[in-house]
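Residue 64 in my numbering is what sits at position 64 of the sequence shown, and the numbering runs on without skipping anything.
Just so you know, these hints were derived from the structure itself, not from any lab. None of the values given here were measured: they were computed from a predicted structure. Note that beta-carbon positions come from the ideal geometry of N, C-alpha and C, so glycine has one too. There's no promise every hint is true.
What the hints assert, rightly or not - Label pairs and their in silico Cβ distance ranges:
no., residue 1, residue 2, range
1, Arg165, Asp215, 30 to 36 Å
2, Thr115, Glu53, 34 to 40 Å
3, Gly28, Lys104, 35 to 41 Å
4, Glu171, Ala43, 24 to 30 Å
5, Gly351, Gly95, 42 to 48 Å
6, Ala181, Asp100, 52 to 58 Å
7, Asp41, Leu184, 48 to 54 Å
8, Ala43, Pro337, 57 to 63 Å
9, Ala108, Arg370, 25 to 31 Å
10, Glu53, Asp100, 54 to 60 Å
11, Ser114, Leu40, 30 to 36 Å
12, Glu14, Asp362, 23 to 29 Å
13, Asp362, Arg24, 22 to 28 Å
What the hints assert, rightly or not - Mimicking SDA-like on lysine to any residue, the simulated pairs with C-alpha atoms at most 20 Å apart in a straight line are:
no., residue 1, residue 2
14, Lys104, Gln94
15, Lys244, Arg269
16, Lys342, Ala363
17, Lys291, Glu171
18, Lys291, Thr275
19, Lys244, Ile277
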Amino acid sequence: MAQPEGRDPAAEIEALAARVSEAREYLGIEPMRARRAELLDEAAAPSLWDDPERARSVTTTLGRVTDDLERFDALSSALEDARVLAELVAEAEQGGAPDDGLAKELAATVDSLSTRVGQLELESLFSGEYDDRDAVCEVHAGAGGTDAQDWAETLLRMYQRWAERRGFAVEVEEATPGQEAGLLSATFIVHGRHAYGLLSTERGVHRLVRMSPFDSQRRRQTSFASLDVVPFLEGVSDVEIDEKDLRIDTYRSSGAGGQHVNKTDSAVRITHLPTGIVVAVQNERSQHQNKAKALQILAAKLAELARAERQAELESLGGERTENAWGNQIRSYVLAPYQLVKDLRTGVETGNVDAVLDGDLDAFMEAELRRIRGT
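Please build the complete structure, drawing on both the sequences and the hints.
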């Protein structure tokens, strides 16, 4: 079987190899190898665990550097294998006995390599200080009443499904039910490499247009919900918090949970008095654990606030949060009278609304990362 008209797999492989060669430079693969050797020496030191925080930092960094190098080396090896396969296909065609099976395998191999090279190039976009971190996310219902609260719950599920697709773990720390349906708000943590770098592109107001299931006349309704994202800090030592600045309230957890739900005052709400930031956690098994997690989330929010203030000073830009309503949306999800999801920042759009709501968000995230980085 001949290759599809206009397609030259050998040329495609060489083009991919050139892109990988460029990635070797801008990703700093060789300096990364030297860094891995240094980390291996540090990890082998008998005194490493005398300082547990330092030890965790070393082992975590070592794991990430090793993963990056292994992924790069595996891709380089796969390119070499593809070259060999391309030569076999060419020899068979030149000998007058083309091998359909090999030709199909080569086409599939090139397509797979193209995807992997694109993923490798995406690594260069994670240049932010905290892009590697886990992410603390909050969904809030905006304008639109019950529809908005239902939309907030849908957004939460959308990000949970997105995380599952990538193999990330999600912890829902607190959820406040809506008056009739859905959620007023929810706080969740996404654990995974580059979780913050990816989810930070989703920060903003999301607009939904649909035939309302809560309207007896099934009229079209526009509703809004927002997503806030900050990097998750491993420990409160990263940010100093004065206990005198805190008001700590306890209350009974609501909703599904462990044995303490609705039986003891295990849920914790912490208010940071100087800033007015409020954090509530009810998902852990004890009041002590809920307090510890709430302090971690508060530390993340305070760190983000400090970064925003520094950025505002440097760029002379206001740090005012946009209203969770019409005119401020980053993306529109239209279910009626037609189906379309469109990002208003990048212009990326799709008519497959169901796939997006089921977590297919990578194209939107990558486009926004490229827009931010100017690539």
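Hints versus structure:
| no. | hint | in the structure |
| --- | --- | --- |
| 1 | Arg165 x Asp215: 30 to 36 Å | holds (32 Å) |
| 2 | Thr115 x Glu53: 34 to 40 Å | holds (38 Å) |
| 3 | Gly28 x Lys104: 35 to 41 Å | holds (37 Å) |
| 4 | Glu171 x Ala43: 24 to 30 Å | holds (28 Å) |
| 5 | Gly351 x Gly95: 42 to 48 Å | holds (46 Å) |
| 6 | Ala181 x Asp100: 52 to 58 Å | holds (55 Å) |
| 7 | Asp41 x Leu184: 48 to 54 Å | holds (51 Å) |
| 8 | Ala43 x Pro337: 57 to 63 Å | holds (59 Å) |
| 9 | Ala108 x Arg370: 25 to 31 Å | holds (27 Å) |
| 10 | Glu53 x Asp100: 54 to 60 Å | holds (59 Å) |
| 11 | Ser114 x Leu40: 30 to 36 Å | holds (33 Å) |
| 12 | Glu14 x Asp362: 23 to 29 Å | holds (27 Å) |
| 13 | Asp362 x Arg24: 22 to 28 Å | holds (24 Å) |
| 14 | Lys104 x Gln94 | holds (17 Å) |
| 15 | Lys244 x Arg269 | holds (15 Å) |
| 16 | Lys342 x Ala363 | holds (11 Å) |
| 17 | Lys291 x Glu171 | holds (15 Å) |
| 18 | Lys291 x Thr275 | holds (19 Å) |
| 19 | Lys244 x Ile277 | holds (15 Å) |
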